[in-house]
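Trainee: Chain by chain, the residues run as shown.
There are 2 protein chains.
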Amino acid sequence: MKARVYVMPKAGVLDPQGKAIGNALEGLGFGGVRDVRAGKVIELDLLETDPARAKQAAEDMARKLLANTVIESFRVEII
Amino acid sequence: MKARVYVMPKAGVLDPQGKAIGNALEGLGFGGVRDVRAGKVIELDLLETDPARAKQAAEDMARKLLANTVIESFRVEII
Chain A
77 MKARVYVMPK AGVLDPQGKA IGNALEGLGF GGVRDVRAGK VIELDLLETD PARAKQAAED
137 MARKLLANTV IESFRVEII
Chain B
77 MKARVYVMPK AGVLDPQGKA IGNALEGLGF GGVRDVRAGK VIELDLLETD PARAKQAAED
137 MARKLLANTV IESFRVEII
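Just so you know, the sequences run in chain order A and B. Each residue of the first sequence is one higher than the last, beginning at 77 in our numbering. Each residue of the second sequence is one higher than the last, beginning at 77 in our numbering.
Incorrect hints may appear among the rest.
Where chain A lies over chain B, by a calculated footprint (3+ residues, C-beta under 8 angstroms) [as the list claims (entries may be wrong)]:
#, segment
1, 110-117
2, 139-145
With a straight-line cut-off of 25 angstroms between C-alpha atoms, the simulated DSS-like cross-links for lysine-lysine are [said to hold, decoys possible]:
#, chain 1, residue 1, chain 2, residue 2
3, B, Lys95, A, Lys140
4, A, Lys116, A, Lys86
5, A, Lys131, B, Lys116
No lab work stands behind these hints, which were simulated from the structure alone. Small disclaimer: the values here were computed from a predicted structure and weren't measured. The C-beta atom is built at its ideal place from N, Cα and C for all residues, glycine as well.
With the rest of the complex left out, here is chain A (with noise of 0.2 angstroms):
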């Protein structure tokens, strides 16, 4: 069963990367971007083959290691 966590920057929290990628798309002449933020999206391939079970596991995943739960918001679906 796999398993996809994201992981977001919550609102208001400072986003360095998004910002440097924001001045990056401008500088490269796209016009129009209003704001960008970026995360990062963890792919787990589990042994549970129980979706309920596996979603559980991953939860706790992102809640211990992945996702900084202080300043990063997460989600995680199953696939």
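Mind docking chain B on chain A? Use the hints.
Mentor: Structure of chain B alone, referenced to chain A:
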């Protein structure tokens, strides 16, 4: 219009960040993790209001800056 660009290492490309996350998860006692791949997600807030043109613009940005298409694949989603 918002667009999300997902960038993942291509299959077969070495992913040291994913490997490190896999080792860390094992060290934390999470068993049953067969494989981990780490990628990026970039959320773009575009002035463009037409979904097809916004998707086209995001794909152009991905090809020119956000993804290294030699070793990474990308996918654009309009949200």
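Trainee: Evaluate each hint against the coordinates.
Mentor: Against the structure, the hints come out as follows:
no.	hint	in the structure
1	110-117	holds (count 8)
2	139-145	holds (count 3)
3	B:Lys95 / A:Lys140	holds, 17 angstroms
4	A:Lys116 / A:Lys86	holds, 13 angstroms
5	A:Lys131 / B:Lys116	holds, 20 angstroms
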